[in-house]
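> Chain by chain, the residues run as shown.
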Amino acid sequence: MHKLWVLARNEVLRTFRDTGAVLMMIAAPLVLILVLLAAFGKGEETPIQDVPLLILNQDHGALGEGVIKALQGESLREVLSPTVVTDEVAARAQVDAGNVAALVIIPPDFSDAVFPLLGTAQHELGLDLRTMTPETVSSLPLAQQEALGALYERLQKSPPRTQITIYASPDWRISTSVIKAAVTQVVETLRMQLQGMALAVDHLVRLDLADGKIDAMSADTGWVTDAITASSAALPIAVEVVTPAGHGFNWVAYMASAQAIFFLTFTAASGGRTLLAEREWGTLPRLLAMPVRPATVLAGKVSGIALAGLLQLLILWGVTTLIGIWWGPPLAVLAALVCLALAATGVGALIAAWSRSASQAGALGTAVNLVAAAASGTFVPRLAMPAWMRYLSLLTPNAWGIESFSRLQMGGDLVTLLPLLGGLLLVTLVYYLAALVGFRRQYA
Amino acid sequence: MTIVVVHELVKRYSPDAPPAVDGVSFEIKKGEIFSLLGPNGAGKTTTISVISTLLHPDGGTVQVLGFDVVRAPLAVRQRVGVVPQEIALYGELTAAENLRFWGEMRGLQGAELRREVAEKLALAGLEERAHARVKTFSGGMKRRLNLAVGLLGSPPLILMDEPTAGVDPQSRRHLLDRVKALRDAGLTILYTTHYMEEAQELSDRIGIIDHGHLIALGTLSELVQMVGEHETLVLGLAKAEGGQALAGEIVGLEGIAAATADDGNITVSVTSAAQALPVVLTRAAGLGVSIRTIEVREPDLEAVFLHLTGRTLRD
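Quick note, the sequences are listed as chains D and C, same order. Every letter in the first sequence is one number past the one before it in the numbering used here, and letter 10, counting from 1, is 10. Every letter in the second sequence is one number past the one before it in the numbering used here, and letter 167, counting from 1, is 1167.
Please note that a few of the clues may not be correct.
As the list claims (entries may be wrong) - For the chain C half of the interface with chain D, some residues (derived, Cβ under 7 angstroms), not all of them: (1) L1055; (2) H1056; (3) Y1090.
What the hints assert, rightly or not - Computed Cβ-Cβ distance ranges for the label pairs, DEER-style: (4) L370(D) to D1177(C): 30 to 38 angstroms; (5) D50(D) to R1133(C): 58 to 66 angstroms; (6) V1251(C) to G20(D): 41 to 49 angstroms; (7) E1127(C) to L23(D): 29 to 37 angstroms; (8) I323(D) to R1133(C): 40 to 48 angstroms; (9) A1132(C) to G20(D): 37 to 45 angstroms; (10) E1128(C) to L370(D): 45 to 53 angstroms; (11) G1139(C) to L23(D): 26 to 34 angstroms; (12) D1177(C) to L395(D): 53 to 61 angstroms; (13) L32(D) to A1132(C): 32 to 40 angstroms; (14) S359(D) to E1201(C): 56 to 64 angstroms; (15) I1215(C) to R440(D): 31 to 39 angstroms.
Don't read these hints as lab results, they were simulated from the structure. As the structure is a computational prediction, the values presented were derived from the model and not from experiment. Positions of the beta carbon are idealized from the N, C-alpha and C atoms, including for glycine.
Using the sequences and the accompanying hints, generate a full structural model.
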């Protein structure tokens, strides 16, 4: 066991001493992820059109309608294809089936959150401030005036918050990001309109109503005060994407994990290639002439390659997490990384076992890795690929890895990940068995 | 005490090809340097590979300190240190790290490992470069470290497969001195080479191997006696052309046992240089071959090889 560890340690040490290897293992994928991050942020080249979208307006006030009109507006016409619905259950079923990209849910308290005094005064005190003048407010019973003042104070201290929910289909990941961007833009536009309105009215109101809060509030209507408040900060509206699993999809996270797996396969292939290169260098025969079993030599070297791959993944996971990319619950991510390192190493060993020389293994490894990456959704969304390719790509560790991290990023945990890890370990077993046959043939 | 017993060893790489080693037998006694001398492809490395358990024999038996290489390979490997022909080191690791790694592979640990690493660094003359990466070393430094790695753990038998191949004269001298020092320290060494001078200088006994067959075995003096009173004439030709024809013309003449031509020289094994020389010169003149230099050599391993095979070691 000690010799196995020494062999593995030697493999890791040599890998990380090789500047070229480190550039390929760590720097290249990080740069690629950052480039993708920048490119995705611009979104100029995303060829997305007519994204089918459902809108459910539950708002008691008028602003919900405004949001709908904005989403149906000219500026988004080519991108979105919205349909207003009233049956939430049916709409969610449509999303679950993947027939539409998402369901945008405008909550019942949406307008109230934007104009809290107006809405809350009506709900709690039965006062419709929109129809009231300063005189009618002043003529209210003192108790009602005090209640109105207290309400105002309370709303100032803790304004209500609301949330537009985008219930998104995991089958429409990029489109979901576009929908989120569109809804966020509508909310921002609303804030800017309020700000413009507030600026105009604020001056007038202040001139007439400088004496006190209750006067200011009752000077005209509550919306003036609300508008002033709303314009002074971000609107209390969150835009959240949820998937059927309950978590948001993040394209950058998807790409980060996919690229990490992609570059892991190169590390593993390179490690496998060294199994043959060491034979050419003479270090493998020397190892085999040492008092150690050949199986231990092979196991030690393969363990070292897997360990180097795991370290590479851990570094990439760590760095990308530091820049805010969420891969999933740590324990589940760790389990997936371990399984992936083993699987990728199996592929590397398999290639080496059936190659005649290190150079042949190098060329074959590059070709296999590129095809596996393309077929498994490393460069394009996996769910955008034909079903047959998605199934066929399950022969690669890339596909299992991408599926695993997608599940984690959408709210999965270690338990829900287990079936995928089981599948990955099963194909990994096949890799190693096939590699073993190849090695036995080579060294017979 | 016998350390190695090789009996009727046969090894073939494919069923169609002739065996690389065919019926080779020899023994190596404790504390001796036994050299296998032969040209490239003679079967030296194959023999050493079987002894080190890297190759399985197709016939015959090989035992190291009583352990059969097929039945007890691990026991054999524990008792054998190998210095391969290639520089079998990790370039990305330092000299000390290489020694530590290979030492751990030998089963060394803790204080014993540290002591061995320090000793072998000193033996290789690399104490000051202990923490430099091997890929930055000169060829001679790598060769010395390559030798030192083979000696880790002081195994009773050291197999050295042409350890001076491609080495500059200074490093070669250093290595040869080290090999002799190891023998003086009581180690047993199997040394393969195609350099006659090395075999002559180092060996207690020499086995001459050619085309997979052990064609002669003995001490240097025993082997030279096989040639009898033969001397070697080396004729330098003005032009290489005609050398082969002249060698063919003179071989078999009275007093001429063998003749071979290569690199503008004709090497002739003769019973008497004084008697053979006029005949050779006459034949050369008849063929229009100009002789530039004439050298008469005392009997040596080259002469033995020429005598036994009709070829030089360089052929």
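> Looking at the structure, which of the earlier hints fail to hold?
1, 2, 4, 6, 8, 9, 14
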